[in-house]
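Engineer: Input sequences plus hints: build the corresponding full structure.
Start counting the sequence shown at 31; every next residue gets the next number (the numbering used here).
Think of the hints as simulated: they come from the structure by calculation, not from any bench. Here the structure is a predicted model, which is why all the values come from computation and not from measurement. Every residue, glycine too, gets a C-beta built ideally from N, C-alpha and C. Warning: the hint list may mix true and false statements.
Straight-line distance between alpha carbons at most 20 Å, and here's what the computed EDC-like set of lysine to aspartate or glutamate pairs gives [claimed, not checked]:
1) LYS360 to ASP391
2) LYS282 to GLU509
3) LYS360 to ASP336
4) LYS282 to GLU389
5) LYS360 to GLU378
6) LYS294 to ASP336
The calculated label-pair distances, taken between Cβ atoms and stated as ranges, are [what the hints assert, rightly or not]:
7) ARG357 to ALA283: 32 to 38 Å
8) SER113 to ALA508: 43 to 49 Å
9) GLU470 to CYS323: 40 to 46 Å
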Amino acid sequence: MTGPTRAPEIRTTAGTVRGRIADGMAVFRGIPFAQPPVGPLHLAPPVPALPWDGVREAVSFGPTPPQSLALGFGSGPESPDGSDEWLTVNVWSPDPGGAARLPVMVWIYGGAFMVGSADGPTYDGTALARRGTVVVTFNHRVGAEGYGHFEGAVPNRALLDQVAALEWVRDNIAGFGGDPDRVTVFGESAGAGAIAALLATPRAAGLFHRAVAQSVPGSVFSPALAADVGASVAAELGLPATLEALAPVPPKALRDAADAVLGKISQYGARWGLIAHAHLPFSPVVDGEVLPCSPWEALRTGQSRDVELIAGHNRDEARLFTVMSGRHGKITQEEADTTLARFAPGREGVAAYRAGYPEADPTAMQELVMSDWLFRMPSLHLAEAHAVGGGTTYAYELAWGAPALGGVLGACHGLDVPLVFGTLRGGIATMVLGEEPPAEAVAVSDAMGSAWTAFAAHGDPGWARYRTDDRLTRVFAAEPDTVPYPQEISRRLWAQHTFAALELTQDEDPVPSA
Numbered sequence: 031m032t033g034p035t036r037a038p039e040i041r042t043t044a045g046t047v048r049g050r051i052a053d054g055m056a057v058f059r060g061i062p063f064a065q066p067p068v069g070p071l072h073l074a075p076p077v078p079a080l081p082w083d084g085v086r087e088a089v090s091f092g093p094t095p096p097q098s099l100a101l102g103f104g105s106g107p108e109s110p111d112g113s114d115e116w117l118t119v120n121v122w123s124p125d126p127g128g129a130a131r132l133p134v135m136v137w138i139y140g141g142a143f144m145v146g147s148a149d150g151p152t153y154d155g156t157a158l159a160r161r162g163t164v165v166v167t168f169n170h171r172v173g174a175e176g177y178g179h180f181e182g183a184v185p186n187r188a189l190l191d192q193v194a195a196l197e198w199v200r201d202n203i204a205g206f207g208g209d210p211d212r213v214t215v216f217g218e219s220a221g222a223g224a225i226a227a228l229l230a231t232p233r234a235a236g237l238f239h240r241a242v243a244q245s246v247p248g249s250v251f252s253p254a255l256a257a258d259v260g261a262s263v264a265a266e267l268g269l270p271a272t273l274e275a276l277a278p279v280p281p282k283a284l285r286d287a288a289d290a291v292l293g294k295i296s297q298y299g300a301r302w303g304l305i306a307h308a309h310l311p312f313s314p315v316v317d318g319e320v321l322p323c324s325p326w327e328a329l330r331t332g333q334s335r336d337v338e339l340i341a342g343h344n345r346d347e348a349r350l351f352t353v354m355s356g357r358h359g360k361i362t363q364e365e366a367d368t369t370l371a372r373f374a375p376g377r378e379g380v381a382a383y384r385a386g387y388p389e390a391d392p393t394a395m396q397e398l399v400m401s402d403w404l405f406r407m408p409s410l411h412l413a414e415a416h417a418v419g420g421g422t423t424y425a426y427e428l429a430w431g432a433p434a435l436g437g438v439l440g441a442c443h444g445l446d447v448p449l450v451f452g453t454l455r456g457g458i459a460t461m462v463l464g465e466e467p468p469a470e471a472v473a474v475s476d477a478m479g480s481a482w483t484a485f486a487a488h489g490d491p492g493w494a495r496y497r498t499d500d501r502l503t504r505v506f507a508a509e510p511d512t513v514p515y516p517q518e519i520s521r522r523l524w525a526q527h528t529f530a531a532l533e534l535t536q537d538e539d540p541v542p543s544a
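Structural biologist: Here it is, written out as structure tokens:
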């Protein structure tokens, strides 16, 4: 396929944009899909971008949405000119304006529902576009701006931002060479959680046709729990948790209030339970309207059965957190027991973990139960629910271990992102792969990138469908293979667990809050 050779101009519904050519791809950055959600639009649903005259230069990423500074990691600097135009899309196309109608891949970033933006080297769409796809990334609100639950404010504004971005794709992507009838959403961590929620969101129906959910978190909140978190954020500002009181608050001040809550979240353990212990104050809310029920319930009853789905996880998800905190190999038996008591499923969960993994030392046991609660079992259950509901489903596990830091990271959380994008240098990749990616990383990346783009093109990633009788799962390792789901012990431990909306409750945990 011959790439474009001069700066391309594309007419969108709001006006004409001019991109640039980079590495043989036409690249458009920072195209607004909605008006800045500030002033009269603060804490409001997204409103379509205002039209412009002439040609708008689309060469720079849009500014990063306000996001947590206390989390310890994030994506992208704040806008140096103070721009509030956070809601923008970026497009990579090998054939802008072409008649081929290429499959479209729309990325939704992760970040614990508190941080994230679409800029940076990790989410560069060049390598995936080179495989014959049009790649779209976009910014959406996070933290209290996107998920804060306040009286009078429309809930799940982050999900509505994502719907608005997908509507922009539907209305505009043909001009960039994409097929609006072959749109695949893919995302990781909180991005995968958003995709799970979108599969259960009526307003998103028909906006995408395939989905890839990488490391799905299991947390969705009840309105009561989300409102209590929102009240705690507002209390940091000395205000009631209402739209009327909070809409005039500058976004950065609202962000700082949420960070203050995050900084002392362990104090809320008796009211918020597991989300306090896991330091996760924001998540999609089962509000009954935007998100009528939990994604697992929706898929099990057949909602979105027409959307083909890949769902999977990494083998050693929680290893990232123990290594980055300096606690790997240092978890005490007491700490492991506390984690088991809080996060293992059901009354028999603690004993079942000990019986199922008798050789696990305290660090391994803590990593196992947290990997399962956070990502592995929610991802598996999403695949199970979709298959039971009649959907075409594929499952995978990334088992290839990151070579950085002497290999201690294993197949940790986030490793899949640079492998899928083919962005093996800079950003996250340097942290997990080292300065120079080894040949095995290139091979695993090629296998995952090829599978994802094949799925986007025609719905078949190259391995057998997941069914509840044989549970066939693609394992990405140095030598990929398709086998029955490999984490059988954990699967059995969690077989009767239901991932439902987490409730506001007095903590029944026998372990006192910190």
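Engineer: All the hints need checking, so say for each whether the structure fits it.
Structural biologist: Cross-check of the supplied hints:
1. LYS360 to ASP391: The given pair, whose Cα atoms are some 10 Å apart, holds under the 20 Å limit.
2. LYS282 to GLU509: 47 Å, violated
3. LYS360 to ASP336: Distance of about 47 Å is beyond 20 Å: violated.
4. LYS282 to GLU389: 48 Å, violated
5. LYS360 to GLU378: 26 Å, violated
6. LYS294 to ASP336: 43 Å, violated
7. ARG357 to ALA283: 32 to 38 Å: Cβ of ARG357 to Cβ of ALA283: about 33 Å, so the range 32 to 38 Å holds.
8. SER113 to ALA508: 43 to 49 Å: 45 Å, holds
9. GLU470 to CYS323: 40 to 46 Å: 42 Å, holds
Hints 2, 3, 4, 5 and 6 from the earlier list are contradicted by this structure; the remaining hints agree with it.
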